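Please arrange chain V on chain W, whose structure you already have, making use of the hints.
Those protein sequence lines, which keep their order, are chains W and V.
In terms of the numbering used here, the first sequence opens at residue 1 and continues consecutively.
In terms of the numbering used here, the second sequence opens at residue 1 and continues consecutively.
Note that these hints are calculated values from the structure, not bench results.
Below, in silico cross-link-like pairs of lysine to aspartate or glutamate (DMTMM-like), each with a Cα-Cα straight-line distance of 25 Å or less:
1) W:Lys185 x W:Glu144
2) V:Lys174 x W:Glu268
3) V:Lys174 x W:Asp316
4) W:Lys142 x W:Asp196
5) W:Lys77 x V:Asp324
6) W:Lys157 x W:Asp273
7) V:Lys174 x W:Asp273
8) V:Lys174 x W:Asp66
9) W:Lys157 x W:Asp78
Since the model is a prediction, treat every value here as computed from it, not as a measurement.
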Amino acid sequence: MSALRPILGLIVLALAGWLMVSVFSSPPAVAEARAFQNSRQCQECHSQTYDEWSSSEHATAWTGEDVRALSNDFANKDCIDCHAPRPVFETGIGDRVLPRSSHRVEGVDCLTCHQLPDGRMAGTVTSETAACRPIETRELVKVELCVSCHDQHETVKQWRATPFAERGEDCLSCHMPYRENDPTKGRDHRCLGGHDIDLVRSAVELRGAADANAAGWTIEVENTGAGHHFPTDERSRAADLFWRPLDDGQADGRWFHLYRFRSPYRDEVDVPDTLLPYGETRSVELAHDGPVEVALYYNLRPVYLAPDTGEAIPLDTVIDPEPDARLVARIELR
Amino acid sequence: MKRVVLAALALGACSPPEDVAPAPTPDALDAIEAPVFEAVVNLQIARLEATVDRAGTEQRRAPEDGEPEALAEWVATAESEMRDVALEDASTLNDDALPALRAIVEDGELEPALRNAALYVTFAIGTPDALGTVVTVLESAPEAWRRSYAAWLLGQSDDDRFLLRMLLAMRYEKDPETVVWLTDALARCGNFAGLEGLARVASGSDRSAELARGKQQELVARADLGVDDIDSLRRLWTSAAAHEALTREPSDALRLAAWRELRELSSERFQLRGVDDARFALCRTGPWGARLVAQALADADPYIRLHAAQVLERMEARARPVADALVPLLLDARTAHAAAEALGAIGNPASLPFLRAALGAHRPHELRVAAARGLARLGDAAAAPDLRAIVADETESLDLRLAAAGALAVCDFDRTAVALLVTGLEDPLGDPQDCEVALERWLVASANEEDGELSKLLDAWNALTGPPALLRTREDTLDRLTARAELVRAFLEKTP
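Okay, chain W solo, but in the shape it has when bound (with noise of 0.2 Å):
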């Protein structure tokens, strides 16, 4: 018994220790619930997350060129719906998104992600103290939060039937990875994906060979880390193969269009689906007889543009890609 009494002992202490701190010390300052109506409030006590977000192609859904210009100005509002939408807890996770009216410059905004029926936020940890009241919410950080928008061009359908969904390798993994890959430190709010050429690069490979027979080459693209199709979004997305030849003094520098993955509007009745999924290789012929080097462009807009007037041009009259696209892969075939 008397062995046990230092060790009584330095748990008495510890007791009254802690009873000292728990009677004298000040408790947790209770910040005074609000009523969230925009991101900017977030921004108080989330500055990290919100200048993530705030460089995110998120913030600019509403303000960005190319979503203005294909809309006309959200004339055309059937693009409201996922440009500015309502929050998706309050809508459903999984359904459909619903167009909201205000504070719309901040198109996918921490309110569409994090903002519950009641006004309080979605969080990792409960607190009755934070002025946005989080409560632990393990569906945002499902799959099924991003479904209401990206799954209206099948994004998350498409991964559904690759093996990072088996593995449990999700949105989040790739878009939304921790920082500095710990998970102490929160997610990346940047949502990274196709304005990232390289997180492009990393989907992708480029390969050619010389035909069987000799007359020609055969350029390959094959879905390598895309945990979907490449490109997924469809419509605006475009990604293309260009080549040019290396062989003598007639090659003037211009590239030549050779095939292009995207999937059409519905008014583009003669433009084939050429979407290109995980794991698959899409194999092109290219009839030319000599050396060549092979380009893959990744281009956000569906478009090239002429130089001096702006407007869209025939593909097969691209000469420079570049302006409008950003490399992906290049290969040299001798």
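Below, chain V alone, put in the same frame as chain W:
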């Protein structure tokens, strides 16, 4: 004594503290009853399916072996009178003739004349399935000449059962000649939604333009609506007066198609493509369509209610006689904002007290912003005091103040409102492009009042629009917004 002290303390405890806002004064919204919802759309579909699906069971005969092919050959080669005999013969056939005719229509190896003749025979059979086959060619044939022919055929009938599909075909049609014939077919059903597309074709200088101009004259004469020219006909179609002028009632088959289209707006449908198509077709229906869609505002599905409100919003003045049906939705949290914007776009002056009430500080933020936007469309000066109070109150959120400023500028030229919008043009958090739209609306509305300075400002504003490029760069947009901000600022400094 003790009781008196306790009573005094209790009274003190119950008195409102100084800083508590007084209860809002009852307004127009407080006087209306909360809406009651039921499964309107599904009930109407069930009711109509019971009658429409039983229709068209009259006696028809099955074709003999090779008869459809022979009729098609006959129509392709015969002279006019003999062709009519063949078509009359076709009108007695039942749907068993359709597979053979479809095979000819779709066979790309055959002569175009024979393929079109097979489509003509199909049309002459005249059953819902036969007409549906013609509409399918209109919707999906890759060759413009086939779509054009299908549209021409549909213009030979006033059967309206496929009106909504024809309206939707207009959405995607690019061939000018098909647009002309499709407009004609729609007009046969009492629908003038094609006039806009027809005007675009007519403005050209090719053969299609000539055809379109001729069709415009023909439609004015055929409509027999007391209008002398195509612009008057277009104005009538887009006005509230259309309800009195266009009295043709839809067939039950068309009503059923419209209710089914409304079902495409429901929460059961996930893909927005179908929703977009349904919104497009429904908002281009005539006055009867407005009345039918207004009934859907009472549906139990909030998606249907919201999108039905959007359809009426897009109908604008043509929905005016049914605007009252939107008012109860201002009390429905899920759809109030859509109802407010719709009431403004429809432009019924009777909506004014409800939209003003919706601006109240105790109303949901989403509704207040939408009401301000609605008032910008309504443009009634009576709302100016409410709007001015919001614009002046810096404790209100910026998006509400800007929406109110956009309305105030239109309702009652207000320098403070215009100045706030100019600030918004250059403030990334102020929705610069929406401020640009609001300022342009103010300029267009005000310059019509023959104010020389405002007209000059509008000209200078328009000159900054630039060439019609498909896409602009961020820098282009910022330059334009800055230049327009400077223009309006200079105007405000120069004018008293």
